[in-house]
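Novice: So the chains spell out like this:
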Amino acid sequence: MTLELAIAILVTVVGASTPILIAAMGELIVEKSGVLNLGVEGMMLVGAIAAFVVLFTTGNHYLAILVAAAAGVATSLIFGFLTLSLSANQTATGLALTIFGTGFSALAGQGYSARPVTLLGPLFPSELAAHPIWRVLFGYSALVYFSFALVFSVWWFLKKTRAGLILRAVGENDLSAHSIGYSVVGVRYMAVMFGGAMAGIAGACFPLLLTPQWAERMTAGRGWIAVALVVFASWKPFRLLAGAYLFGLVMTMELYAKASGGPLSVIPAELWAAMPYLATIAVLVLISLRRDASTNAPACLGKPFLPSN
Amino acid sequence: MPNRLELSGITKQFPGVLANDQVSFAVKPGEIHALLGENGAGKSTLVKMIYGIMAPDAGEIRWNGVPVVVPNPKAARKLGIGMVFQHFSLFEALTVLENIALGMDAKIPSRELEQRIRAVMQTYGLLLDPHRTVATLSVGERQRIEIVRALLLDPQLLIMDEPTSVLTPQEVDQLFTVLRKLAAEGCSILYISHKLHEIKALCDTATILRGGKLVDTCDPKQETSRSMAEKMIGTGLKDIIKPEGRTFGEPKLVVNRLRTKKTGHFDVPVDGVTFTVHAGEILGIAGVAGNGQNALLDALSGEIRGEERDAITIDGLGIGLMDTTERRRHGLCAVPEERNGHAAVGDFSLADNSVLTARDRLGMVVLGLINSGAARTYTGKVIADFAVKALGPASTAGSLSGGNLQKYIMGREILQKPSVLVVSQPTWGVDAGAAAAIHQALVDLAAAGSAIVVISQDLDELRALSDTLAVINMGQLSAARPVSAFSVDEIGLLMGGVHGTEAAA
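Residue numbers (full-length UniProt numbering), protein chains in the order written: chain Z, 1 to 309; chain S, 1 to 505.
Do not rely on the hints blindly, as some may be mistaken.
Derived contacts from chain S toward chain Z, CB cut-off under 7 Å, selection only [stated by the list, open to error]:
{"#": "1", "residue": "Phe85"}
{"#": "2", "residue": "Ala93"}
{"#": "3", "residue": "Gly103"}
{"#": "4", "residue": "Met104"}
{"#": "5", "residue": "Glu337"}
{"#": "6", "residue": "Asn340"}
Computed beta-carbon distance windows for the label pairs [as the list claims (entries may be wrong)]:
{"#": "7", "chain 1": "Z", "residue 1": "Thr161", "chain 2": "S", "residue 2": "Ile53", "range": "28 to 34 Å"}
{"#": "8", "chain 1": "S", "residue 1": "Gly9", "chain 2": "Z", "residue 2": "Thr161", "range": "30 to 36 Å"}
{"#": "9", "chain 1": "Z", "residue 1": "Arg162", "chain 2": "S", "residue 2": "Glu326", "range": "49 to 55 Å"}
In silico BS3-like links for lysine-lysine, alpha-carbon gap of 27 Å or less [unchecked claim]:
{"#": "10", "chain 1": "S", "residue 1": "Lys231", "chain 2": "Z", "residue 2": "Lys236"}
{"#": "11", "chain 1": "S", "residue 1": "Lys200", "chain 2": "S", "residue 2": "Lys28"}
{"#": "12", "chain 1": "S", "residue 1": "Lys242", "chain 2": "S", "residue 2": "Lys74"}
{"#": "13", "chain 1": "S", "residue 1": "Lys200", "chain 2": "S", "residue 2": "Lys213"}
{"#": "14", "chain 1": "S", "residue 1": "Lys74", "chain 2": "S", "residue 2": "Lys48"}
{"#": "15", "chain 1": "S", "residue 1": "Lys200", "chain 2": "S", "residue 2": "Lys74"}
{"#": "16", "chain 1": "Z", "residue 1": "Lys160", "chain 2": "S", "residue 2": "Lys107"}
{"#": "17", "chain 1": "Z", "residue 1": "Lys159", "chain 2": "S", "residue 2": "Lys107"}
{"#": "18", "chain 1": "S", "residue 1": "Lys195", "chain 2": "S", "residue 2": "Lys389"}
{"#": "19", "chain 1": "S", "residue 1": "Lys195", "chain 2": "Z", "residue 2": "Lys160"}
{"#": "20", "chain 1": "S", "residue 1": "Lys262", "chain 2": "S", "residue 2": "Lys231"}
{"#": "21", "chain 1": "S", "residue 1": "Lys213", "chain 2": "S", "residue 2": "Lys231"}
Hints in this document: simulated from the structure, not taken from any laboratory.
Heads up, the beta-carbon is just placed ideally off N, CA and C, and yes, glycines get one too.
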């Protein structure tokens, strides 16, 4: 394998991993606050169609990203209102949100299929990324650098800031946090909205980074992989980064296996396509076999907050 | 000098209950003042009003001579009132430092906070690593966090709500040293407890509440434990009636090298546990929480399935491989420590809860169908015999107060007349009258020929109840000896893990 091919693969892996990473970082914050939002896939699809429509009509990539984030927040607020204000079951509401997002994006996207847009180009001038080695560092779009910054920021926020400490406290023991005087519902709303914004941006990655057009269900289950990754990474940001790239690699291998026809194509294409999902299942099984894994889970994860008075 | 705190005519009405009725007393600067009373006497309501959690309906609170209104705990802390609660509101997955930071009203940079914490710990000898995760700490260490948190605010009055209920005698001594030092520096302490000998040892003044009314203010050093207890209850105190010179029958429950596996991160398994309980004998197992008591109870009840048939035998029959249902059928009943959710299902009626443990022994299930009449009758009998305050067999377990639910659970097991009964913390949080009733029922069950194992952290209870005593520490059980052969100090040292005295025994 030549250096250039290796670099090309690496760059593709980074691209494929970015939406999963961004969505999973959002979900990590949500889960750290004690809320399980299974609607990531739905929020991503709403973000994807919002980004596509804005991009198609204005041609402005950055405006598309902002609108996608806003659309993600709006979708997450449906979830937030039902689960936080009305104490609805989080699992059921999250599943409903995904079904809603799938249907809504298909409806809103009618008439937009097979209409091309342009992808978001690299952030730095192409001279910087001329040499293949430099391409590894400077060859990506702004969204990729955003995802790197996001990993570090989330880690720093959780570990070093008072707001992050309060967020963890709310996810760990909502009743104690309430009795000390923190607004459990308020903190969780903020977390859910952040998760929505990140899912929206992750959705925007599909028309902006990967395939320059709109297709129904174009996120293809990546939202679910993001949810699984949070557990896989034991709610740790840098482990999440590693996990996201591992999945990105598996997905990219599928493309290369089809294209190159080499030894990799011995494995049928269908199996390659199923690989990320099989890997998700395998990882979750491995995690649940490891006994201490659950100790890092936020203790209030998925439980509605019901103060006694 | 004005009184540090002065209450006059404090009254608080709840729907159907007058929780505090014209309560007036004063705490002087540097005084250690005990607040005594049974459960429901109104102690908690009173301190909640001092700490600003509730507002009084009538009456006046004076702070250093000035009338004040305390609208919330934050205002109380600002005045200089600190409180250490009975149930800690700590975050298990966070560190000591993070827990303290969360509870501080002012935002202090964590480095500065750590320095202040270390200074307070140094001054009062409260040793604790600020970077340890709370989940790895013992109950005594967790209490130190709460005390440090309160002391960081330089309080002039510290309220302690039943602080010693889960501590070893040595930890109690350490706590008293800290409290005496604080008092010597002028900090007043309001000390809520029902352990009378502690109050005699520590407190300068005692205010006794009964049914929301102040019945007496006395000097505990001039009183006997018995006289104070009778003031609390209002009538003479019943002693446990234990026939003198009892003899035990044949060995009933024999446990031989019982061991469990470590299952969770913070779980303490037991290893090599060996003891024998004869018919008519009550074996007490003392120990600080988290030393394997839960694993021992689960291994005996059958919740943890054993690997060796003969590790546990009843009347010579090996039951080590049986599950809970089979063990119950063979006469072994068990009551775990956690009442709501483990010993009873909160959302189920009491009758349904009776079916859950008594179905086989009392024939409540016939051909897979529940005989609900039998369940109701039996539950009614439990309610009547154990004076459970409940509307009837149809009330849900969750609607009962902790003490009442405990009475129901103890009654449910005792009336099944098990040949072996294993109980954990039988009277935790139960008031003195109900505790005496539960103790008497256990003694009577033993007198009828059952073997009983009582796992408890309450040494007074164990010394009053047990015939023989053993101490559990880090999953190891000391040799059982007659309870009269132990001194309190010795039990305390064993609880703390000093096994040197064992060789001498």
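Novice: Now tell me if each hint is right for this structure.
Specialist: Status of each hint after checking the structure:
Taken as an interface hint, Phe85 of chain S does not check out: its beta carbon lies about 9 Å from the nearest beta carbon of chain Z, beyond 7 Å. Interface hint at Ala93 of chain S: satisfied, since its Cβ lies 5 Å from the closest Cβ of chain Z, which is below the 7 Å cut-off. The closest approach between the C-beta of Gly103 of chain S and any C-beta of chain Z is roughly 6 Å, which is under the 7 Å cut-off, so the hint is satisfied. Taken as an interface hint, Met104 of chain S does not check out: its beta carbon lies about 10 Å from the nearest beta carbon of chain Z, beyond 7 Å.
Because the closest C-beta pair between Glu337 of chain S and chain Z is about 19 Å apart, greater than 7 Å, the hint is violated. At a threshold of 7 Å, the smallest CB-CB gap from Asn340 of chain S to chain Z is about 13 Å, leaving the interface hint violated. As the Cβ distance of Thr161 of chain Z to Ile53 of chain S is approximately 29 Å, the hint placing it in 28 to 34 Å holds. For Gly9 of chain S and Thr161 of chain Z, the Cβ-Cβ distance of about 47 Å falls outside the hinted range of 30 to 36 Å, so the restraint is violated.
Distance hint check for Arg162 of chain Z and Glu326 of chain S: the Cβ-Cβ separation is about 54 Å, which falls inside the suggested range of 49 to 55 Å. Between Lys231 of chain S and Lys236 of chain Z the alpha-carbon distance is near 57 Å, which puts this suggested pair outside the 27 Å criterion. As the CA atoms of Lys200 of chain S and Lys28 of chain S are separated by approximately 18 Å, the hinted pair is consistent with the 27 Å bound. For the hint linking Lys242 of chain S to Lys74 of chain S, the alpha-carbon distance of about 50 Å lies beyond 27 Å, and the restraint is violated.
For a cut-off of 27 Å, the pair hint linking Lys200 of chain S to Lys213 of chain S stands: about 22 Å separates their Cα positions. Distance hint between Lys74 of chain S and Lys48 of chain S is fulfilled; the C-alpha atoms sit about 13 Å from each other, no more than 27 Å. For the hint linking Lys200 of chain S to Lys74 of chain S, the alpha-carbon distance of about 32 Å lies beyond 27 Å, and the restraint is violated. Distance check on the hinted pair: Lys160 of chain Z and Lys107 of chain S sit about 14 Å apart at the alpha-carbon level, within 27 Å; holds.
At most 27 Å may separate the alpha-carbon atoms for a hinted pair to count; Lys159 of chain Z and Lys107 of chain S meet this at roughly 16 Å. At most 27 Å may separate the alpha-carbon atoms for a hinted pair to count; Lys195 of chain S and Lys389 of chain S meet this at roughly 25 Å. Between Lys195 of chain S and Lys160 of chain Z the alpha-carbon distance is near 43 Å, which puts this suggested pair outside the 27 Å criterion. Between Lys262 of chain S and Lys231 of chain S, the direct Cα distance comes to roughly 47 Å. Violation of the 27 Å bound is thereby established for this hinted pair.
About 12 Å separates the Cα atoms of Lys213 of chain S and Lys231 of chain S, which keeps this hinted pair within 27 Å; it holds.
Checked against the numbered hints above, the structure breaks hints 1, 4, 5, 6, 8, 10, 12, 15, 19, 20 and satisfies the rest.
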